[in-house]
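Assemble the complex: chain V is given as a structure, and chain B must be docked to it using the hints.
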Amino acid sequence: MALRKIVLQGEECLTKKCRVVTDFNARLHTLLDDMKDTLIDSGGVGLAAPQVGILRRVCVVMNEDDEIIELINPEIVATEGEQTGLEGCLSVPGKYGIVTRPNVVRVRAQDRDGAWFEVEDEGLTARCFCHEIEHLDGHLFVERTDHLLTDEELQEYIRQQEEEDDKE
Amino acid sequence: MSEVKRSSARDTALEVLLQVSGANAWSDGSLKRTIAKNKLESRDAALATRLAYGVIQNRMLLDYYIGCWCTQRPGHLEPVILNILRLGAYQILFMDRIPSRAAVNEAVEMVKRHGRPKAAGLINAVLRKFSVHREDMSPLPDGSLAERLSVRYSHPQWLVQHLLDQIGEEETERFLRCNNEIVPTTIQTNYLLTDPDTLEKELHQAGVSAEMHPWLGGCFLVSGTGDLERLEPFQQGHFMVQDPAARLVALAAQPVPGSRVMDVCAAPGGKSFSLAIDMGDRGQILSCDIHPHKLNLMERSAQRLGISCVRTALADGREFHAVWQEQADLVVADVPCSGLGIIRKKPDIRYKDPGELSRLPEIQGQILSNAARYVRPGGVLIYSTCTVLRAENEAVTDDFLAHHPDFERESFTLPQPIGETEGHITLWPQRLDTDGFYICRMRKKTEEPE
Numbered sequence: 001m002a003l004r005k006i007v008l009q010g011e012e013c014l015t016k017k018c019r020v021v022t023d024f025n026a027r028l029h030t031l032l033d034d035m036k037d038t039l040i041d042s043g044g045v046g047l048a049a050p051q052v053g054i055l056r057r058v059c060v061v062m063n064e065d066d067e068i069i070e071l072i073n074p075e076i077v078a079t080e081g082e083q084t085g086l087e088g089c090l091s092v093p094g095k096y097g098i099v100t101r102p103n104v105v106r107v108r109a110q111d112r113d114g115a116w117f118e119v120e121d122e123g124l125t126a127r128c129f130c131h132e133i134e135h136l137d138g139h140l141f142v143e144r145t146d147h148l149l150t151d152e153e154l155q156e157y158i159r160q161q162e163e164e165d166d167k168e
Numbered sequence: 001m002s003e004v005k006r007s008s009a010r011d012t013a014l015e016v017l018l019q020v021s022g023a024n025a026w027s028d029g030s031l032k033r034t035i036a037k038n039k040l041e042s043r044d045a046a047l048a049t050r051l052a053y054g055v056i057q058n059r060m061l062l063d064y065y066i067g068c069w070c071t072q073r074p075g076h077l078e079p080v081i082l083n084i085l086r087l088g089a090y091q092i093l094f095m096d097r098i099p100s101r102a103a104v105n106e107a108v109e110m111v112k113r114h115g116r117p118k119a120a121g122l123i124n125a126v127l128r129k130f131s132v133h134r135e136d137m138s139p140l141p142d143g144s145l146a147e148r149l150s151v152r153y154s155h156p157q158w159l160v161q162h163l164l165d166q167i168g169e170e171e172t173e174r175f176l177r178c179n180n181e182i183v184p185t186t187i188q189t190n191y192l193l194t195d196p197d198t199l200e201k202e203l204h205q206a207g208v209s210a211e212m213h214p215w216l217g218g219c220f221l222v223s224g225t226g227d228l229e230r231l232e233p234f235q236q237g238h239f240m241v242q243d244p245a246a247r248l249v250a251l252a253a254q255p256v257p258g259s260r261v262m263d264v265c266a267a268p269g270g271k272s273f274s275l276a277i278d279m280g281d282r283g284q285i286l287s288c289d290i291h292p293h294k295l296n297l298m299e300r301s302a303q304r305l306g307i308s309c310v311r312t313a314l315a316d317g318r319e320f321h322a323v324w325q326e327q328a329d330l331v332v333a334d335v336p337c338s339g340l341g342i343i344r345k346k347p348d349i350r351y352k353d354p355g356e357l358s359r360l361p362e363i364q365g366q367i368l369s370n371a372a373r374y375v376r377p378g379g380v381l382i383y384s385t386c387t388v389l390r391a392e393n394e395a396v397t398d399d400f401l402a403h404h405p406d407f408e409r410e411s412f413t414l415p416q417p418i419g420e421t422e423g424h425i426t427l428w429p430q431r432l433d434t435d436g437f438y439i440c441r442m443r444k445k446t447e448e449p450e
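So the sequence lines, in the order shown, correspond to chains V and B.
Note that the first sequence covers residues 1 to 168 in the numbering used here.
Note that the second sequence covers residues 1 to 450 in the numbering used here.
Extracted from the complex, chain B is given alone in its bound form:
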């Protein structure tokens, strides 16, 4: 007997893994596109997402075990075969719901469907080892602490070493573990159109389980939503999706209603909108970005949220525009960065080439210095990133302040349990369950120093 085959969750996950490892696509975008293309229903879409993210989050660990039982080095296997092995191994080790036997059979079928029937024996042999030894897996490699943590939590060794130097062994391990966990989505109430109580009711009516954020007012943790953007309250602009850390940038900036604000690297616009909401939509926010198509997206989002004080402009954050000189009460420079603070949401960010990252501090410094020229005397300058590396954070602002004596850090207060800061703060996922972020608040002195 035969069944009607719908395109399977596993095939979709494989397609995503091949795109991510081959063509430098990012996992979240690739998943969204591939799920839509294969017309997966919601349950299969959830499984495809779990499989693709699970493999990416545990890639180095899975490859280590595959290497123990495979005569060929994992790196020498064809990408299709290697990724089918990883998918099968992930299901056997991490998904209790799926019987090992089913995982092995599916993988064997998959490799045939993808035109590699000769590899069926290899897949079968290696995955059977996983299924027999799942309770007594080979010990992790000996070697340095960084090496062991690197394999255990599948983070590159250079990153683990950086973290060990910066925050020590215990916190590093918590950070790494936290990056492989599933996080709820945080949304922020749009006070311009509604209030948290009403929004909570609307979400419940839409079948979404929403829980008040434990310490961030007006925000909710939501789960089991499927595609959030299809919900009625989203379409009506009653909320926006934003991590607590990004929300804290607006709280650190404390914009006064009616003020003139510049957001020099604004897309996709979350921080501009968060500021606009805090300003009661009074004043002017100029949201700049270097990509024209992102300006359109921002304008549409602003419209959805009922925000009229945001205007967009096409501008490279490093290039000076004389018309804006010393015009702004507040400038926000949320600069491009390595993104190593948001690994829990974009698991493949960890595998970025560290060589490419080394150029970032220079660009970040250029953008910050340029943004500083738009701040009026007595105005505020905010520098933020979604990374936790010192080189992109404190080192950039220290260097900026050393060359700009007319600016100084200014302490600011965030909601408890954070409280008062000394003018800058690094937020860590393992500490407060936020994205990893850096926020620095600086003020331009009213008089030139003598």
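For reference, chain V alone in the conformation it holds in the complex:
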């Protein structure tokens, strides 16, 4: 088990387009294992390779059952609906913004041995697929939001959400 350092906004590697993975070897497996450990340790729900300084098309996403999905060379093949909500990033700690994303997302990717598979999910996990795959093209969520929320705005937003939850 090894933890990797998560790089922060401002580092060049977060703005670069990542290269396709062609070798499904032990080095890739170590990278994936380390990324999973780093994700669990950070308390986040998704992590892309450029966030640990590796410019390859690799990311890991934790779904609502707390299972971690490994995605290599992922592409979004279908989307449906829309959701608007709060989003944050391990490379932009403590900052949150309102971002609109599709509500259902279908992804095609390779597993750690190179086999292609498809996975579909909704809600938070769908949002996370979009967020991580954008990292692989050098984009951060902050480019998709008008402004980052101040602490007061954030508290207010959470309070409103809780009231809506209570109504349900």
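Everything hinted at is true.
Using 20 Å as the maximum straight-line C-alpha spacing, the simulated PhoX-like pairs for lysine-lysine come out as follows:
hint : chain 1 : residue 1 : chain 2 : residue 2
1    : B       : Lys-118   : V       : Lys-5
2    : B       : Lys-112   : V       : Lys-5
3    : V       : Lys-36    : B       : Lys-118
4    : V       : Lys-36    : B       : Lys-112
5    : V       : Lys-95    : V       : Lys-5
Keep in mind the hints are simulated off the structure, nothing from the lab.
The following block gives chain B in isolation, referenced to the frame of chain V:
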């Protein structure tokens, strides 16, 4: 990607467990305070409550299994680590809704957040065993019946042995199982301000599901209420929360409207109020307690319920006050006790040190003898506890009657299915779905025996 983290239900449950096992805090009070401090929303508050109570109710069983798979004895683990293990194990074994994997991951994250990253491997290894073996757990230890029941239902062995001697194997097991179940709350209509039909409508309007108590008139079983005290009908004093057993104390006392009553260990006041309601708020009830701050709380509750016949006084139940001598038509002595009848509501009571409990019968006897001096000739004396142990119940009243020939037990009638009693009764949770309680009714003879 990262999410906004609200303070989690699991962290709150852990905080409560650490307070309960460390600083001698009681679980119900600690839960209330910690949920408020962490500002949990209602769904998370419910989960935190279920987790904390669940671990306390199954602590010995969980520790037994943890001991099977952990090289260190559970008692030697650091409290933070042990309680994170218990929380994870409880979720895996008892909560089908939570996937085992999530329980394991959460526990691993928790131990890191609480500054023990080196224990993450241990937590992971032990909890994975629980998740793999949840369908075929290790057999319970061999040994005596008391030992097996003790681990299976997480009650201390001394208590199990007492019960086996008192009520036999089958009832003991039912009692123990019943103590680990979730109980609905019982509330009583305040007839001074409303009637059961109106109250039922008000409760439904407030979104509370209320069901008539199967055999206790004017009482309802309520569930899904969140914080009952925030409800409009509560604020208006239309009901009070009271277990059927506590209500039965008033029914055993049968106070006559206009009479003079003393409640010598009154806080938090439920029995005084129940008596006041039965008396139509006519007469005088003097509610005493040894703690000044509890008197204020009682006065506020009385005000909420629209009761004016209750007055409070600061008094130690063991100390004699000559001004009250032979003044009361009815004296209620609901004495401090081990509380072993209310384990289903306060699950940690079972772990009380039995050494501390052994002093109780002496104190209970002193309070009862002192209370007896306030009863006028021909008046009634009620002794009650919320425990089921003979030593605090029959043994205390037997001893009192042996030394006070001017008193005798008097039979009383309670609602069916109980019916007529022989002057005293022990109520059991596994029999009538009430708290475990003891009620004894005695009358002071009008003439001194020759």
